[in-house]
Amino acid sequence: MTGRVGMDDSAVSYDEYGPVLARFKGEQGDLIPVLQGVQRAFGYISEEAMRHVSRFLRISENQVFGVASFYSQFRFTPPGRHSVKVCLGTACHVRGGQILSRALERELGILPGQTTVDRRFDLQRVACLGCCALAPVIQTDDEIHSQMTVIRLKQVLSEYE
Amino acid sequence: MNKLRKQREEAKKKWDSLAAGDVPVIYLGTASCGRAAGAMKVLESIQAALRDNRLEAIIVQVGCVGLCYLEPLMDVAVPGHPRMSYGNVTPAKASEIVESCLMKGDPILRLAVAHFGDENGEFAKRKIPRFFDLPMLKPQVRVVLKNCGFIDPEQIGHYLANDGYRGIESAFARGADGVIAEVRDAGLRGRGGAGFPTFKKWEICRNAPGRIKYLICNADEGDPGAFMNRSLLEGDPHAVLEGMLIAAYAIGASQGYIYIRAEYPLAIARLNVAISQMRDYGLLGQNILESGFDFEITIKEGAGAFVCGEETALIASIEGERGMPKSRPPFPAIAGLHGMPTIINNVETLGTLSSILRNGASWYRQFGVQGNHGTKTFSLVGKVRRTGLIEVPLGTTLRKIIFDIGGGTIKRFKAVQTGGPSGGCLSEEFLDTPVDYESLGAAGSIMGSGGLIVMDEDTCVVDLARYFLDFAQQESCGKCTPCRVGTRHLVEILQRMTTGRGLAEDLATLQTLGETIKRGSLCGLGQTAPNPVLTTLRYFRPEYLEHVTDKYCPAAVCTELVEYRVIPDRCTGCQRCVSVCPTGAITGPRAEPHNLDASQCIKCRACYEICRFDAIAGDAIVIRSKRRTADEQVL
Numbered sequence: 446m447t448g449r450v451g452m453d454d455s456a457v458s459y460d461e462y463g464p465v466l467a468r469f470k471g472e473q474g475d476l477i478p479v480l481q482g483v484q485r486a487f488g489y490i491s492e493e494a495m496r497h498v499s500r501f502l503r504i505s506e507n508q509v510f511g512v513a514s515f516y517s518q519f520r521f522t523p524p525g526r527h528s529v530k531v532c533l534g535t536a537c538h539v540r541g542g543q544i545l546s547r548a549l550e551r552e553l554g555i556l557p558g559q560t561t562v563d564r565r566f567d568l569q570r571v572a573c574l575g576c577c578a579l580a581p582v583i584q585t586d587d588e589i590h591s592q593m594t595v596i597r598l599k600q601v602l603s604e605y606e
Numbered sequence: 002m003n004k005l006r007k008q009r010e011e012a013k014k015k016w017d018s019l020a021a022g023d024v025p026v027i028y029l030g031t032a033s034c035g036r037a038a039g040a041m042k043v044l045e046s047i048q049a050a051l052r053d054n055r056l057e058a059i060i061v062q063v064g065c066v067g068l069c070y071l072e073p074l075m076d077v078a079v080p081g082h083p084r085m086s087y088g089n090v091t092p093a094k095a096s097e098i099v100e101s102c103l104m105k106g107d108p109i110l111r112l113a114v115a116h117f118g119d120e121n122g123e124f125a126k127r128k129i130p131r132f133f134d135l136p137m138l139k140p141q142v143r144v145v146l147k148n149c150g151f152i153d154p155e156q157i158g159h160y161l162a163n164d165g166y167r168g169i170e171s172a173f174a175r176g177a178d179g180v181i182a183e184v185r186d187a188g189l190r191g192r193g194g195a196g197f198p199t200f201k202k203w204e205i206c207r208n209a210p211g212r213i214k215y216l217i218c219n220a221d222e223g224d225p226g227a228f229m230n231r232s233l234l235e236g237d238p239h240a241v242l243e244g245m246l247i248a249a250y251a252i253g254a255s256q257g258y259i260y261i262r263a264e265y266p267l268a269i270a271r272l273n274v275a276i277s278q279m280r281d282y283g284l285l286g287q288n289i290l291e292s293g294f295d296f297e298i299t300i301k302e303g304a305g306a307f308v309c310g311e312e313t314a315l316i317a318s319i320e321g322e323r324g325m326p327k328s329r330p331p332f333p334a335i336a337g338l339h340g341m342p343t344i345i346n347n348v349e350t351l352g353t354l355s356s357i358l359r360n361g362a363s364w365y366r367q368f369g370v371q372g373n374h375g376t377k378t379f380s381l382v383g384k385v386r387r388t389g390l391i392e393v394p395l396g397t398t399l400r401k402i403i404f405d406i407g408g409g410t411i412k413r414f415k416a417v418q419t420g421g422p423s424g425g426c427l428s429e430e431f432l433d434t435p436v437d438y439e440s441l442g443a444a445g446s447i448m449g450s451g452g453l454i455v456m457d458e459d460t461c462v463v464d465l466a467r468y469f470l471d472f473a474q475q476e477s478c479g480k481c482t483p484c485r486v487g488t489r490h491l492v493e494i495l496q497r498m499t500t501g502r503g504l505a506e507d508l509a510t511l512q513t514l515g516e517t518i519k520r521g522s523l524c525g526l527g528q529t530a531p532n533p534v535l536t537t538l539r540y541f542r543p544e545y546l547e548h549v550t551d552k553y554c555p556a557a558v559c560t561e562l563v564e565y566r567v568i569p570d571r572c573t574g575c576q577r578c579v580s581v582c583p584t585g586a587i588t589g590p591r592a593e594p595h596n597l598d599a600s601q602c603i604k605c606r607a608c609y610e611i612c613r614f615d616a617i618a619g620d621a622i623v624i625r626s627k628r629r630t631a632d633e634q635v636l
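Protein chains in written order, with our numbering: chain P, 446 to 606; chain A, 2 to 636.
Extracted from the complex, chain P is given alone in its bound form (with noise of 0.2 Å):
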């Protein structure tokens, strides 16, 4: 993670994290979990909430840093006002997931891990959502639409602000 671009941390303040904190004991162990309410609770985890998780579970910065960047769960930029997942798992990939994939880049004009400028929404790619029977599938928010098609995709969109 380099610089602040994209960082919004002034609207977070201290307080904000006591209740997604409360729950836990503060043991090492927690970290995962810790991360998971934070993203939760605001989205993403900022540089702020990495500093604090780190204050609170007593662990380096970077150790926090180190764990949350290994995983593909957590996101280091604020969402858009809807996700837009598209599935690369193998049903998909061989039923054209990687086309719809290109056409919602194209779509949206941003890469998968981006959020557009007007943060209406951000793309990701996931490896299964575990339709795979229903190939290839999009998810918006969390309405899964199967057997996706380039045409389709325009239209599903247009029904989100």
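Honestly, the hints are just simulated from the structure, not real lab data.
Accuracy of the hints is not assured; some may be wrong.
[To be verified] In silico lysine-lysine, BS3-like type, Cα no more than 25 Å apart, as pairs:
1. A:K147 - A:K7
2. P:K599 - A:K604
3. A:K480 - A:K301
4. A:K94 - A:K42
5. A:K202 - A:K301
6. A:K42 - P:K599
7. A:K604 - P:K530
8. A:K139 - A:K128
9. A:K301 - A:K327
10. A:K42 - P:K530
11. A:K401 - A:K412
12. A:K327 - A:K201
13. A:K519 - A:K480
14. A:K301 - P:K530
15. A:K301 - P:K470
16. A:K412 - A:K604
17. A:K519 - A:K327
18. A:K4 - A:K14
Note that the structure is a prediction, hence the values are computed from the model and not measured.
Starting from the known structure of chain P, arrange chain A on it as the hints suggest.
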């Protein structure tokens, strides 16, 4: 223990009255796959139809029965009539079915896919099979999945009524050594993929010195293309939890963890419901069923790392560290989580235990073949007619699974990938291979956790090998060099081949590099990562050569090697493709064959799709690959 028996008897009465009562029952599959196909909208439509017509019926939300190609799947049981199944139900169809069945007593046979009644003239005449005679279900043997799709996973009563928690009762009666002996006699091998005898692992852990012992349920189903564990956890969570009780009792563990992917929110929610029910019924906590055995279960959500399916990496992850494997020995059974003896069992292994303990080892041994006893679940996906979740005895041939159960492929069968990204790609000549640990190993593949991905002639094996290696490369934890650097090079070479820049010596390099990675890697990820390349090289060598020497992709998949063309004779000039083309590559006046400018085409596939599904012509746009001579360059 008497209390549980009483609770079971009561649950059984309720369960029987559900089937034979005087209120209609509507069963709807609402597991993740059903929901993806639209089950929640169907549910709303059913509820509205009941409300609007003031009809009384019980709606039971069940898990996944495994017939994914028929999702959303809905059953209606009206008193006095056999229960009927309806597939691919839409909200409109659902309200029509509800109104017709409940108000007119007409089961709308034209919409039914199966029935649960006796074979009689009407059903036979209409060619509606009995549910378990459906071609996808008939060859199956359901031990692990016996309740999946039939009970409401959020009601412990449904589980109890179907012999639930009788396995743990039997385990307590046999004693811990008795349980281990029974599992040994049953011949159960770990269903996570490696096939190590379950009892052996248990015995080592049981005999290992340690104040505390741990049991971990490995639900980190990371193989892309596999969803057996998710379906079981969503459809019958108590079966897995009861298995955890049995395993923990056998090894003497007092604390259990379920390490589950965060991508499975519904499974996590259902496990949480089931765990609190266990507590209410005295099946967790201190002195379970007055046996003197104490056990607690905690759910740990994984954070997305394929390597965490490996035992030592999984333990590191629970301890709050980067999920990197450690060298063994010591094995986790001796020194695992927090340095204590730890057993890690796969979801399916645990889900099998209750049936084994309840019915005995010899009952379980009747399924399967010598050395490979019992059944195995598979997710059957890809280019196969009937996709879904299946369970068959070990030793069943690939042909039977793909053609009898899966209904074969629409286009010509080409290959099947077993064992996910760590497995191998087997060609047609292996169709009669029995699916058991040793036979698949001999063919250069592995059993793995049970993903079966079927490919037809529209799948490019070089592209597939690149896909799997790309996955392995991204998921490599980076600890050891052969895996970290080696997989990167494999990906680079395969990338070259699929973009028409392959070199003649690349095939040999893939081979030696693949073998080196296999030998030199620390954990299972690296040791198996080259399998997709090595097996495809072995069984599909000509296709690699075509990519390298002719820059030709016979399946017309590799984007750089294909071109989009309008066939003038077929094009009616309907302009649908012109309207969807993002780059303006297609032009032409209405009613005249269109022109596709290859230099502007970005191969996004939109025109192909719209021509196929929406246009008048239907097949005027083709994607094809052409052979090139040595001096012809790929654009």
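Just to be careful, I want the Cα atoms of K42 (chain A) and K530 (chain P) compared with a cutoff of 25 Å; is the pair within it?
With Cα atoms ~21 Å apart, K42 (chain A) and K530 (chain P) stay inside 25 Å; holds.
Agreement of K599 (chain P) and K604 (chain A) with the hint, judged by alpha carbon distance not exceeding 25 Å:
Holds: K599 (chain P) and K604 (chain A) sit about 17 Å apart, inside 25 Å.
25 Å Cα cutoff - pair K42 (chain A), K599 (chain P):
holds, 22 Å
Check whether the Cα positions of K604 (chain A) and K530 (chain P) lie no farther apart than 25 Å.
holds, 22 Å
Proposed proximity, K327 (chain A) with K519 (chain A) (alpha carbon, max 25 Å)
This hinted pair holds, its Cα atoms lying about 17 Å apart.
Given hint K301 (chain A) paired with K480 (chain A) - CA-CA distance at most 25 Å
holds, 24 Å
Just to be careful, I want the Cα atoms of K139 (chain A) and K128 (chain A) compared with a cutoff of 25 Å; is the pair within it?
This hinted pair holds, its Cα atoms lying about 16 Å apart.
K401 (chain A) and K412 (chain A) were given as a pair; does the straight-line alpha-carbon distance stay at or below 25 Å?
holds, 18 Å
Between K4 (chain A) and K14 (chain A), is the straight-line Cα distance small enough, at 25 Å or below?
Since the Cα atoms of K4 (chain A) and K14 (chain A) sit roughly 16 Å apart, the hinted pair holds (cutoff 25 Å).
Taken at face value, is the distance from the CA of K530 (chain P) to the CA of K301 (chain A) at most 25 Å?
Roughly 23 Å separates the two Cα atoms, so the pair holds.
Please work out if K147 (chain A) and K7 (chain A) have their alpha carbons no farther apart than 25 Å.
Holds: K147 (chain A) and K7 (chain A) sit about 23 Å apart, inside 25 Å.
Holds or violated: are the alpha carbons of K202 (chain A) and K301 (chain A) at most 25 Å from each other?
holds, 23 Å
Violated hints: none; the structure is consistent with every hint.
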